[in-house]
Amino acid sequence: MNRDDRLPRSAMALTSLVALVLAIVPLPFPLDVLRPDFLVIVVLYWSIRAPRAGGLMLAFLAGLSIDVVQGMVLGQHAFALVLIAAWTMQVRLRVRVFSVLQQSLTIFAFLVGYQFVLFWIDGATGNPVTSFGRWLAPPIGALLWPLLSGLLNRLNER
Amino acid sequence: MVAFRSTDSSGRQSGLLLRCVLYSMVAIGLMILDRHYHQLTGIRRVLSVVVYPLEVAVASPFEGWDWLHESFATRDALRADKARLEEELRMAHFRLQRFDAMENEVRKLRALRENAAGVSQKFIVGDVMNIDLDAFRARIVVDKGARDGVFVGQAVLDDGGVFGQVARVSELTCEVILVSDPTHATPVQVNRNGLRTVAVGSGDPNHLKLPYVSTAADIVKGDLLVTSGLGGIFPAGYPVGTVVDVHRDPAASLADVDVQPAAALDRSRQLLFIWVDK
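Line by line, the protein sequences are chains E and D. With the working numbering applied, the first sequence corresponds to residues 1 to 158, in that order. With the working numbering applied, the second sequence corresponds to residues 1 to 278, in that order.
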């Protein structure tokens with residue numbers, strides 16, 4: 001019954017890599033503003049599904065890779081992602097029995113928290129992005145959550 | 001190892017806070033080192049070499065498509081292109097005829113005035129990589145890095161005018177911050193009368209702003225702005241943009257000036273990295 005027994009490390013690495021590619025693949029103008037934080041959603045998924053397989057190490061490495069590609073300060077995304085992943089692991093047993101709508105709302109809260117930490121660090125290090133557009137990623141991520149988690153579940157069950 | 005790890009889950013849950021604090025401390029430490037002590041440029045270079053294959057993998061399908069598109073271009077299109085390019089080359093040669101003489105003249109005059117702002121001599125051309133960075137910052141990745149001699153703060157131009165400056169260098173690529181980024185400021189002067197001011201990005205690739213021009217200043221629609229050479233990043237005399245609108249509010253002390261950048265900030269694929277001899 002316990003799914004965590006076989007640790008899906010390779011699936012985890014693969015999905016994280018795909019999410020990282022989706023994070024930097026060029027999109028035309030209106031779409032690039034609407035791009036959700038794919039890698040964050042994948043990390044949240046694995047934090048809920050199999051926290052022992054990757055744990056905070058996955059969150060840290062994923063955040064660090066975003067930092068290297070596009071971060072203003074090295075460690076910024078890593079910090080935000082570790083905090084949010086820890087929060088997710090804390091409540092993961094509850095999230096797992098939630099309905100789809102409740103799950104989406106919870107994910108929305110996590111994504112907003114993540115975005116807020118980034119916003120705060122950007123401001124504190126003197127690279128503020130004050131446009132309203134950056135707050136579009138959390139609602140879109142939450143809307144996509146049922147789809148993406150279903151897809152990841154399907155992949156995981158193979 | 002696996003048996004040891006899968007003891008009970010409640011035992012591991014209790015360590016969550018500790019691990020979270022540990023990882024957070026590492027991340028905060030990284031941020032402080034990177035931000036205040038600039039210790040991580042070496043590490044960052046190594047890490048970005050690790051990410052480089054990923055960037056190439058993302059960019060190459062788009063480049064492949066462009067290549068295919070060009071390979072199957074029709075004969076007529078190629079002929080039209082050739083005719084246009086020949087025409088442009090003729091015009092360029094025509095303008096160049098006097099260039100050498102004029103450059104000499106400029107050097108002599110500069111030497112007379114003992115002006116430090118030099119004339120650009122050496123440059124390399126870089127291609128913009130098809131990678132999206134943050135959608136809310138005007139930054140791009142170019143396929144020239146420390147290996148090619150690119151350095152932080154280097155001026156970047158395109159064929160229209162000033163494009164931006166190098167913000168970060170890794171081994172094989174570099175990140176260029178565009179003049180349209182809200183955090184970027186370019187020292188400029190009005191070509192017509194020499195009025196000096198600062199052009200600040202607006203976040204929109206088709207607009208720059210001049211926030212520090214007083215309502216009484218002599219600036220009109222159509223004025224060409226060129227780099228002033230102050231600040232030491234951009235050599236003097238390169239076009240930055242054209243004034244498209246001056247709005248003077250009688251109640252305010254500063255005018256609202258809208259500038260169209262000279263460089264094609266959202267379209268250029270080839271950029272010039274220049275070295276200025278002092």
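Hints listed in this document are in silico derivations from the structure and should not be mistaken for laboratory results. Careful, some of the hints might be misleading.
Which chain E residues stay away from chain D? Per the calculated CB distances, all over 12 Å, these [stated by the list, open to error]:
hint	residue
1	A11
2	L56
3	G71
4	H77
5	M89
6	S99
7	V100
8	Q102
9	L105
10	T106
11	F108
12	T125
13	L143
14	L148
15	N156
Computed beta-carbon distance windows for the label pairs [claimed, not checked]:
hint	chain 1	residue 1	chain 2	residue 2	range
16	D	A216	E	A109	33 to 39 Å
17	D	E88	E	F116	48 to 54 Å
18	D	L68	E	L34	27 to 33 Å
Covered by chain D, per the in silico footprint, the following chain E stretches (three or more residues, Cβ under 8 Å) [unchecked claim]:
hint	stretch
19	35-49
20	79-85
Glycine residues also receive a C-beta, built at the ideal position from the N, C-alpha and C atoms.
**Asked** Range hint 33 to 39 Å: satisfied by the CB atoms of A216/D and A109/E?
**Response** With a Cβ separation near 52 Å, A216/D and A109/E fall outside 33 to 39 Å, so the hint is violated.
**chain D over the stretch 35-49 of chain E, status - at least 3 residues with CB closer than 8 Å** = As far as the stretch 35-49 of chain E goes, the hint is violated, because 1 residues have Cβ atoms under 8 Å from chain D.
**Asked** How about the stretch 79-85 of chain E: do at least three of its residues have a C-beta closer than 8 Å to a C-beta of chain D?
**Response** holds (count 3)
**Item:** Least C-beta distance from A11/E to chain D larger than 12 Å
**Value:** At roughly 17 Å from the nearest Cβ of chain D, A11/E sits farther out than 12 Å, so the non-interface label holds.
**Request:** Classify the label on T106/E as holds or violated, using whether its beta-carbon is more than 12 Å from each beta-carbon of chain D.
**Result:** T106/E clear of chain D: closest Cβ-Cβ about 17 Å, beyond 12 Å.
**Prompt:** Is the nearest CB of chain D more than 12 Å from the CB of L148/E?
**Reply:** About 19 Å separates L148/E from the closest Cβ of chain D, which puts it past 12 Å; holds.
**Item:** Consistency of the no-contact label for F108/E, given chain D and a CB cut of 12 Å
**Value:** 20 Å, holds
**Prompt:** Far enough from chain D: is every CB of that chain over 12 Å from the CB of L105/E?
**Reply:** 23 Å, holds
**Asked** Does the claim that M89/E lies off the interface hold, with its Cβ farther than 12 Å from every Cβ of chain D?
**Response** 6 Å, violated
**Request:** Run the C-beta distances from L143/E to all of chain D and say if the shortest one exceeds 12 Å.
**Result:** Per Cβ check, L143/E is outside 12 Å of chain D; nearest 18 Å; holds.
**Prompt:** Regarding the assertion that T125/E does not contact chain D, is the least Cβ-Cβ distance greater than 12 Å?
**Reply:** 6 Å, violated
**Request:** Say whether it holds or is violated: V100/E keeps its Cβ farther than 12 Å from all Cβ of chain D.
**Result:** Check passes; 25 Å lies beyond 12 Å.
Checked against the numbered hints above, the structure breaks hints 2, 3, 4, 5, 12, 16, 19 and satisfies the rest.
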